Amino acid sequence: MIKSDIIIIGAGPCGLFSVFEAGLLKMRCHLIDSLPQPGGQCSEIYPKKPIYDIPGFPEILAGDLIKNLMKQIAPFNPGFTLGERVEIIKKQSDDSFFVVTNRGTEHSCRVIVIAAGLGCFEPRKPMVENLSFFEDKGVDYIIKDPFKFKGKKVVVSGGGDSALDWAIYLADGIASQVTLVHRRDSFRGHVESVEKIHKMSNSGKINLITNAEVQALKGADKLTSLTIKAEKNNFSIETDYWVPLFGLTPKLGPIANWGLNLNKNAIEVNTYDYSTNIEGIYAIGDINTYPGKLKLILSGFHESALMCQSAFKYIFPNGKKSFKYTTVLGGIEGF
Amino acid sequence: MEKILINIIDQNGEKHVLETNLDSGLNLMEVVRDEGFQMGNCGGMALCASCHCYIQNSHDINKKSKAEEDMLNQLHNSNLESRLICQIPIKKELNGVVLILVDD
Numbered sequence: 001m002i003k004s005d006i007i008i009i010g011a012g013p014c015g016l017f018s019v020f021e022a023g024l025l026k027m028r029c030h031l032i033d034s035l036p037q038p039g040g041q042c043s044e045i046y047p048k049k050p051i052y053d054i055p056g057f058p059e060i061l062a063g064d065l066i067k068n069l070m071k072q073i074a075p076f077n078p079g080f081t082l083g084e085r086v087e088i089i090k091k092q093s094d095d096s097f098f099v100v101t102n103r104g105t106e107h108s109c110r111v112i113v114i115a116a117g118l119g120c121f122e123p124r125k126p127m128v129e130n131l132s133f134f135e136d137k138g139v140d141y142i143i144k145d146p147f148k149f150k151g152k153k154v155v156v157s158g159g160g161d162s163a164l165d166w167a168i169y170l171a172d173g174i175a176s177q178v179t180l181v182h183r184r185d186s187f188r189g190h191v192e193s194v195e196k197i198h199k200m201s202n203s204g205k206i207n208l209i210t211n212a213e214v215q216a217l218k219g220a221d222k223l224t225s226l227t228i229k230a231e232k233n234n235f236s237i238e239t240d241y242w243v244p245l246f247g248l249t250p251k252l253g254p255i256a257n258w259g260l261n262l263n264k265n266a267i268e269v270n271t272y273d274y275s276t277n278i279e280g281i282y283a284i285g286d287i288n289t290y291p292g293k294l295k296l297i298l299s300g301f302h303e304s305a306l307m308c309q310s311a312f313k314y315i316f317p318n319g320k321k322s323f324k325y326t327t328v329l330g331g332i333e334g335f
Numbered sequence: 001m002e003k004i005l006i007n008i009i010d011q012n013g014e015k016h017v018l019e020t021n022l023d024s025g026l027n028l029m030e031v032v033r034d035e036g037f038q039m040g041n042c043g044g045m046a047l048c049a050s051c052h053c054y055i056q057n058s059h060d061i062n063k064k065s066k067a068e069e070d071m072l073n074q075l076h077n078s079n080l081e082s083r084l085i086c087q088i089p090i091k092k093e094l095n096g097v098v099l100i101l102v103d104d
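Heads up: the sequence lines are chains A and B, in that order.
The first sequence runs contiguously to residue 335 in the working numbering.
The second sequence runs contiguously to residue 104 in the working numbering.
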């Protein structure tokens, strides 16, 4: 059981900044995110895109903003549970919360902050018959531990950075055989990655199949082969794993089951402190809604600061806290 | 103020008709999102494909940019009628267009 003062669901910019604001008030945070890395959309969708409306930064790449936030919160030593999705939230008799992820990781905390942006990022699943039967029996949508593919035959599908990067990584001494299948003959990934794929294909390290797609999955109790539909003919390929990487899309997911007041897939909050209808649960950033809501990172930062003041009063009703500027503090005192 | 009609067939096959001003300065995704349809996660940069729709004869409206083409090529369910509607500005030629929203 992982214990913390605050569990933050969502490790995007607002979730990360909440660690800082909470840390100033001596509250320890643990972040849970369905993605395997922190940063939310900034890391997953547009890490190389510049943002122009972060105060004090005339221009900053989304990925660099996340790097800076990680550096800013480092003194407060937050915990991370990445690649897992919060499934269950239960309020206990002592008003603490019991939180369980889809992988069974158990957490306990006094306050929950939902900073989930547009929801949980879930993989786009291709339309192939029996796909769900083979999930965790040879079909993986997210690679959390690449060494599970050690010495195995792996087929990766997709044409973006994720598919290219993993195909390259797995073909470099991990998997015994890597096949990359893509629907087109051009790739969307970085030029260097595309060049590397072609080089590895020419040297026989990667089996590259373009203008083709996986049409059927076969195997009795686990995946053993795939049928590939190509331009001219269909053929079968033996494999231990198929990793379809067609991008991720956010879904509200289990948040809809937690008894929160929702409005068009967003959580209604009180703008006094961004609290929800459940005492002890707050919602900040793009996931919340209120009259006049602006879905901007800077709005989420503001919401985070006010939320933490309220969370402190909730966790420590008799605690004394005086508001001080970080400049007056003369530095950040971490944990 | 000149207006155009946009037909939407949602993921459940239900038909919706929207009326929008021609001079709004919006793109098709923004108009559809403002009506409550969930899309536009990346804000309109052709990076997330949450506004992926099927539109017949969309090349008569505007051509796909390389960024849009690349993103569509990455999807498992794109076809010749696929468009990312964040890349289509509102204009007169869209009057009566039929958008089929794609289920992720």
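Check each hint, because a few of them may be wrong.
[Claimed, not checked] No farther apart than 25 Å at their CA atoms in a straight line, the calculated lysine-lysine pairs in the PhoX-like style are these:
no., chain 1, residue 1, chain 2, residue 2
1, A, LYS137, A, LYS49
2, B, LYS15, B, LYS3
3, A, LYS48, A, LYS26
4, B, LYS64, A, LYS49
5, A, LYS222, A, LYS150
6, B, LYS63, B, LYS92
7, A, LYS48, B, LYS66
8, A, LYS264, B, LYS15
9, B, LYS91, B, LYS64
10, A, LYS232, A, LYS222
11, A, LYS90, A, LYS251
12, A, LYS205, A, LYS229
13, A, LYS196, A, LYS144
14, A, LYS3, A, LYS229
15, A, LYS199, B, LYS66
16, A, LYS196, B, LYS91
17, A, LYS251, B, LYS92
18, A, LYS125, A, LYS199
19, A, LYS251, A, LYS218
20, A, LYS3, A, LYS313
21, A, LYS49, B, LYS63
22, A, LYS3, A, LYS137
23, B, LYS64, A, LYS48
24, B, LYS91, B, LYS66
25, A, LYS264, A, LYS152
26, B, LYS15, A, LYS49
For the record, the hints were derived by calculation from the structure and aren't laboratory data.
If you're wondering where the values come from, they're calculated on a predicted model, not measured in any experiment.
Here's how the hints hold up against the structure:
no.: 1; hint: A/LYS137 to A/LYS49; verdict: violated, 37 Å
no.: 2; hint: B/LYS15 to B/LYS3; verdict: holds, 19 Å
no.: 3; hint: A/LYS48 to A/LYS26; verdict: violated, 34 Å
no.: 4; hint: B/LYS64 to A/LYS49; verdict: holds, 20 Å
no.: 5; hint: A/LYS222 to A/LYS150; verdict: holds, 17 Å
no.: 6; hint: B/LYS63 to B/LYS92; verdict: holds, 16 Å
no.: 7; hint: A/LYS48 to B/LYS66; verdict: holds, 17 Å
no.: 8; hint: A/LYS264 to B/LYS15; verdict: holds, 19 Å
no.: 9; hint: B/LYS91 to B/LYS64; verdict: holds, 16 Å
no.: 10; hint: A/LYS232 to A/LYS222; verdict: violated, 28 Å
no.: 11; hint: A/LYS90 to A/LYS251; verdict: holds, 21 Å
no.: 12; hint: A/LYS205 to A/LYS229; verdict: holds, 22 Å
no.: 13; hint: A/LYS196 to A/LYS144; verdict: holds, 23 Å
no.: 14; hint: A/LYS3 to A/LYS229; verdict: violated, 50 Å
no.: 15; hint: A/LYS199 to B/LYS66; verdict: holds, 24 Å
no.: 16; hint: A/LYS196 to B/LYS91; verdict: violated, 42 Å
no.: 17; hint: A/LYS251 to B/LYS92; verdict: violated, 33 Å
no.: 18; hint: A/LYS125 to A/LYS199; verdict: violated, 29 Å
no.: 19; hint: A/LYS251 to A/LYS218; verdict: violated, 29 Å
no.: 20; hint: A/LYS3 to A/LYS313; verdict: holds, 19 Å
no.: 21; hint: A/LYS49 to B/LYS63; verdict: holds, 23 Å
no.: 22; hint: A/LYS3 to A/LYS137; verdict: violated, 33 Å
no.: 23; hint: B/LYS64 to A/LYS48; verdict: holds, 22 Å
no.: 24; hint: B/LYS91 to B/LYS66; verdict: holds, 21 Å
no.: 25; hint: A/LYS264 to A/LYS152; verdict: violated, 44 Å
no.: 26; hint: B/LYS15 to A/LYS49; verdict: violated, 36 Å
Hint check: violations occur at hints 1, 3, 10, 14, 16, 17, 18, 19, 22, 25 and 26; the rest are consistent with the structure.
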